[in-house]
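Chain A is fixed; fit chain B onto it per the hints.
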Amino acid sequence: MADRSSHDPLHDPLAGIAFDRVPPAGAYGAAGEPGVGVSTAEEPFIALAVARQGHAASVVERLRRALGVELADRPHAAIEGGTTVVGTAPGRFLVLSRSEPDLAGTLRAVLGTEAAVTEQGDGYVTFDLSGPRVPDLLAKGALVDLDPLVFRVGDAATTVIAHIGVTLWRTGETSYRLLVARSLEAAFTRFLIASGAEYGLRLENQGSGGRG
Amino acid sequence: MRIPCPYCGERDAHEFSYLGDATLVRPDPAAVDAQDSALADRFHDYVYLRDNPAGAHREWWYHANGCRQWVRVTRDTRNHAIAGASLAREPGDAA
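Just so you know, the sequences run in chain order A and B. Following our numbering, the numbering of the first sequence begins with 1 at its first residue and continues without gaps. Following our numbering, the numbering of the second sequence begins with 1 at its first residue and continues without gaps.
Isolated chain A, as found in the complex (with noise of 0.2 Å):
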């Protein structure tokens, strides 16, 4: 990893780095311990499930048994061992799974002719951020009220940060997931290494720098 905390970071801690890469694993920003972590290293199996008209509280139904979740048609991520669902509209549900390589083929035998199912996978980068200062950084660019006291662990928004389209949830105290359009990894990165600077940011991914 680069250690780039060195030399002037928070002056442009992008400094040298292409626009349209995506920048390299290593620290950022202030020195000493990070206040935001950045991972794009687990690359979990995702499929979308929408709802035929009418079916919703179906769906919801078959989801709850054949996945084991607490689930409901809200925006809500219902996460149980490896398996999470997020709810982003009525009827619509983003599943997400450690272990299902054959996400999207499960949910349609789940599903059967109530749903349309798509897979995801290739669609979505996933970021894992955690630290105490995650917050102060969503809220340079969110425009949703995502502080811990009324964003509470397990609720989710599909929204727009920094004009980049996202759905993210709380996991935990400090740790929130965000799902962004591949295609729009640099330019996310890009945003969280800008804003999370000022509270030093550790960045974890594949980082060869090399990929558009």
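Please note that a few of the clues may not be correct.
[Unchecked claim] Taking beta-carbon pairs under 8 Å as the criterion, some of the chain A residues facing chain B (in silico):
id, residue
1, His55
2, Pro75
3, Thr88
4, Ala157
5, Thr159
6, Val160
7, Ala162
[Stated by the list, open to error] Facing chain B, a subset of chain A residues (Cβ under 8 Å, in silico):
id, residue
8, Gly32
9, Ala89
10, Thr126
11, Pro148
12, Val150
13, Val153
What the hints contain is simulated information worked out from the structure, not anything from laboratory work. Note that this is a predicted model, so its numbers are computed, not measured. Every residue gets a Cβ at the ideal spot worked out from N, C-alpha and C, and that includes glycine.
Coordinates of chain B only, in the frame set by chain A:
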């Protein structure tokens, strides 16, 4: 201005795009007076003519950067106070 999306909760108006009057009803082209010029007049009204009320206005907003649902909003055009919102997929009054 913040719009109370029935699914997402209160959101900034920048997440939405505006369509306009939510009370318009498309005339039935198969109506009995289909040959009549009255039907053409009704279509003309439907396509082109809009009221510009000072006060309560029922209008469509599309939550493009959120749940991607059409929302029926009742807004006071004088002060932007919003009296209610409902999803377009659910029939009924906004307020």
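Quick rundown of the hints versus the structure:
Annotation: interface hint on A:His55 violated; nearest CB of chain B at approximately 13 Å, more than 8 Å. Because the closest C-beta pair between A:Pro75 and chain B is about 6 Å apart, less than 8 Å, the hint holds. At a threshold of 8 Å, the smallest CB-CB gap from A:Thr88 to chain B is about 7 Å, leaving the interface hint in force. Hint status for A:Ala157 relative to chain B: holds, with the closest Cβ pair at about 7 Å, below 8 Å.
Satisfaction of the interface hint for A:Thr159 is found here, the shortest Cβ-Cβ separation to chain B being roughly 6 Å, below the 8 Å cut-off. Hint on A:Val160 holds. Least Cβ distance to chain B is approximately 5 Å, under the 8 Å limit. For A:Ala162, the interface hint is violated, since its Cβ never comes within 8 Å of a Cβ in chain B; the closest pair sits about 12 Å apart. Violation of the interface hint for A:Gly32 is found here, the shortest Cβ-Cβ separation to chain B being roughly 35 Å, above the 8 Å cut-off.
Because the smallest distance between the Cβ of A:Ala89 and any Cβ of chain B comes to about 4 Å, under 8 Å, the interface hint for this residue holds. A distance limit of 8 Å between C-beta atoms decides the matter here; for A:Thr126 the minimum to chain B is near 20 Å, and the interface restraint is violated. Nearest Cβ of chain B to the Cβ of A:Pro148: about 16 Å, over the 8 Å cut. The hint is violated. Annotation: interface hint on A:Val150 violated; nearest CB of chain B at approximately 10 Å, more than 8 Å.
Violation of the interface hint for A:Val153 is found here, the shortest Cβ-Cβ separation to chain B being roughly 17 Å, above the 8 Å cut-off.
Hints 1, 7, 8, 10, 11, 12, 13, counting from the list given before, are not met by this structure.
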